[in-house]
Amino acid sequence: MLEIKNLHARIAEDGTEIIRGLNLSVKAGEVAAIMGPNGSGKSTLSYILAGREDYEVTEGEILYNGESILEMDPAERAAAGIFLAFQYPMEIPGVATMQFLKVAMNEQRKARGEGELTTPDFIRVVKEAAGSLDISMEMLKRPLNVGFSGGEKKRAEILQMKLLEPKLCVLDETDSGLDIDALKIVSDGVNSLRSPDRATIVITHYQRLLDYIVPDTVHVLSKGRIVKTGDKSLAHELEANGYADIINEAA
Amino acid sequence: MNVQSKLPLTAAETALVEQFGTLVGSLPGNAEMVQLRDRAIQSIKESGLPTRRVEAWHYTDLRRLLTRLPTNNAAGDVADLESLVMGSWRQVIKNGSIDTIAAPEGVSISAMADALRADVSGVTIADHGVHDAIGLINSAFVTDGFVVKVDDGAEIAEPIEFQTLHDGGQLHVRNSVTVGEGATATFHDRQAGSDAEALGTVVTDLKLGKGAQATWVTVQETGDASDHLAQLNITLEEDARLTLFIVNLSGKLVRQEINADVLGEGADLQFRAVNLLGDSQHCDITLSLGHLVPNTTSTETVRSVVTGKAQGVFQGQIRVDQIAQKTDAQMACNTLLLSDDAGFSTKPELEIFADDVICAHGATVAEIDHKHLFYLMARGIPEKIAQGLLIKAFVAEIIEELGDERLIGVLETRLDHWLEMNG
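Note that the protein sequences, when read in sequence, are chains A and B. Counting from 1, position 200 in the first sequence corresponds to residue 200 in our numbering; the numbering is continuous, with no gaps. Counting from 1, position 156 in the second sequence corresponds to residue 156 in our numbering; the numbering is continuous, with no gaps.
Any given hint might turn out to be false.
[Unchecked claim] Label pairs and their calculated CB-CB ranges:
#1 Gly242(A) / Lys384(B): 46 to 52 Å
#2 Glu383(B) / Asp188(A): 32 to 38 Å
#3 Met98(A) / His370(B): 23 to 29 Å
#4 Asp54(A) / Ala102(B): 56 to 62 Å
#5 Asn65(A) / Asp80(B): 57 to 63 Å
#6 Thr118(A) / Lys371(B): 39 to 45 Å
#7 Ser192(A) / Lys347(B): 52 to 58 Å
[Claimed, not checked] Stretch by stretch, here's where chain B covers chain A in the computed footprint (C-beta under 8 Å, at least three residues):
#8 47–53
#9 65–77
#10 103–110
[As the list claims (entries may be wrong)] Here are some chain A residues the structure puts well away from chain B; computed CB gaps all over 12 Å:
#11 Ile18
#12 Glu91
#13 Asp121
#14 Gln160
#15 Asp179
#16 Ala182
#17 Ile185
#18 Lys228
#19 Ala250
These are calculated hints, taken from the structure and not from any lab test. These numbers come from a predicted model, not from an experiment. For every residue, glycine included, the Cβ atom is placed at its ideal position computed from N, Cα and C.
Okay, chain B solo, but in the shape it has when bound (with noise of 0.2 Å):
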């Protein structure tokens, strides 16, 4: 039997537990919530938080790294933000509470506070057991989110932007999202707050219907003082195509989990991320996709920039059952490092027990080209403007892919500014 010496508890899980017990009177959900509230604080109460030891978490040690928790207050006024793409649908909750819902034709939207008052089993609380510290967390204190269904067959035109917003103190949401069969819909998640200290954890279950084709673009910018604990969990039934983008622009301790199933044959993931970190941020990405059926294909690629003493993680686990032969699955992990502090780990994770599937991981960690600098600035071009197109061009090669014009000038702007404050 392993026997593991039980840590003392951190003040950030004594405070956890503490504020669990002066806020679950007002926490919404029926019996069965609570009882599953009480269920993930006593589970963090007993294991505490993970840390290094715990593979899924040995690039972040959350027990070392969540240093103290925030209060857990309903701060003040939050201002909405213009929606990144005109048009959007927009979904508004600020500090843990909705505040607009306004939903296309082919769309219905609730809250899901409502449903975790009526009856739980409709929404997975998923718990990925005694080390899913984010699935705990926002079990234990979640107030509210969307419940998004998108009709069978409907085709959305324009995107539904949830827009997830905070000014200090903490958060938990979780949203439940539903593309139905054959429809067709573009989700923009943005993640965003002021630069007060912040604690928020965001959980939302995916799911793409036989035959859906969705986009889902997450745009993590929240402040400089927070602490952003996203979690995505995806299904994929038959020939569902899903294109997940993830792009990380800020936040101090900023970890995104991607929980992927792929169920149905001829289902396809194409995912990307970019992540732009400086100063002292702790950006981590870790995705774990399924191949459960045979015949499904997925690619993965991350591109990151990383200066100052930034700190970046990228964990890609590949499942492939013995029954899911004929799979593709191609994975790339690329990272400029522009500062010798800054630093990058980058661990792929191929677990494979079919035998006829193509499966391919690279990672590459490497400075500006010198040549390529040398190369622009012989025709006259400052140093810092050749670095910023050498960068550019680095990113720009994934966010291009987005293929609407409109949001790729978006990130584009965003990713300027970054080169103008960081470059």
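If we strip away everything but chain A, and leave its shape as in the complex, we get (with noise of 0.2 Å):
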């Protein structure tokens, strides 16, 4: 479904080259888990599979479905079904959670050909997926992610996600800022989305997140390339021996 190669990617703003010759692969039904320790681009990737301008592809190519999608905006992306689950969710004053939702579902739709919901469906499908990410209908009648906590803000994020039915979904530290019993909301809601048709790309530091989401392969990713890959047993590897040994190991 995803397939990355070679890919270079610098700052736009000041040249600084952040993805050094990054490959990878991920399968339709994939669940791939990226670690790699702070600086190493985790967040970069993701912003560059989402098309943020800030940065630029100098380099090789990231094929999705068979397609470039280099030259595609965010919008596009988002309709072609590639989500990301933002690490710091924006805070939008004065724009209303549900009509945000309305516009972006409807959006979607029209990009795909097909007919705008209904307001009754719509608030129907939105009431379904707040309710099992024990989100309230008062939550969403405030501006978008105002006044949000973390786990709000992150327990939103997947709401997005489930409404819009993405086929490639790519979670930036969704872990982040989050307590147990939220950690156990936001992987129950990612789990609920896993198909054979989807997949699913985890960031994160840590090995904790991969217990509630388990992974079907680990990368490694250090200064701008993946440096090793693996099952779900390298997450336990790295988490028992830190990064230090395989990035010198791959150096």
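Take the two lone chains, each set in its own frame, and fit them into one complex as the hints suggest.
In structure tokens, the structure reads:
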């Protein structure tokens, strides 16, 4: 589903190279974990997949279902089924959460040539999805993410993911700032979306999240490259021994 | 002594003087009024229109911007507008002549022209000095307007709507609105016109008596070739409360002056303005607010969205007299610039002579937040729609303060339309 080949990318503003020859392949149905120390390029990779213009791809290719996404803007990528759950979701005053959800769902439907949701249908699906994530309708009446706690923001991200039903989910440190109960709710939400035609990339520092969202593959990112790939036991190995051994071994 | 070399009159200034010569016999007014008109035109002839050297006109060089004068004709027929809110009492003036008067119970409304013929003493022909170009042009050429008196204690449920309409040419209207003691009323002041070349001056004196409560909403949507100069002179007596809302949606050269004096203790002024500016519009809101007695409050918030080559201006002067202790005044001016050629000049001016007051001001000029835009687009919302959502959020926050759902709906429709044309 996702094929990243020899990707090089830098910060557009100052030219700092962050991603240096990254290769990664994720199949439909797969849950891939990407782990790595601070500054290894994990968040940058997630932003590049979503199409943030602060980063410039200088070399290499990102193929999604066999087609390059590099020329697509963030909205086109989202409509094609790529979803990024942000590490720090934006607070947007003045935009009501419900209105945002409705516009996003309908614009994606429109891009796919489907009809708009009726208001009752919309409210019904939001209520269902929100309930399973312990999100109250009161919370959805507030402006988007404004005044949400850290945990609420992360749950709101998963709510959006459930409603938009993407094909490729990228979770950027979704576990950061979550207590154990919230972690469980969020993980259940992600797991409920596991399906043979959907791929998930879980970016995290810690092995803890991977006890709840069990990955099929684990990749270690260091200095902008994948330096080691393994199965879930690799995550435990990292937890026990830290990143140093593996990174030195690769170097 | 400060001797300034006199500039030669511009085409527009010359035309003003010449047109006055031809019109003076037909303009309404008693002998006293004729003298006032003479004095006004004499002042323009001697001093010319203000330039950027005059502090109050620094960002709106009227002499340069008012390039020519449309003919002072009573042009073709203008269609009435449907009122903004159903059930409003419509007062319609077309090309400077009253067309419709409809007064609810508890309100008397008459023609300014009659007042000018009878007795000018009851009508202030305000004159804020030699640089008061709007007051001077208006005083010289005023043809008509409405004299509105809301009885003491009257509670007027539905809005009183003024429609000041033109079909090109010139229009000079003067209104006097008095809200009696303890009375409550809402006014919708619509300044609209066709796309034909036009110059309009609209001067309104608004007086709130003791304990009166009023909402005044100006919706300016005059034509694309209209130079529109408006002035609102406000006085608030003890415990009077005024919510003043100005929405600028179009016009070529627009200046909205607000001169407000808070005269009575416990009085409160809430001023809000929304400017949606595009193309090569120039729009200036100049506020001069005097807190002249102790224990009065005001807030001023101006939100502008500027695109194309448009230029916006907000000058906010707050004067706090030495005796005006415990004044609380909060002013903010926030602007979103959508294009590289758009501009906004903002000048807060606090003159505080009392020592126990709370006065604050803040100004921001920014582009759309790219992080916000990315977040919305990452959810599949196309750029233009995402940008529209963010602009709407910026402006809607202010519009929603109006409280009247019907009016909020009308203004949000205007906003959507503007976004479609300019977003």
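Are there hints from earlier that the structure breaks, and if so, what are their numbers?
6, 12, 14
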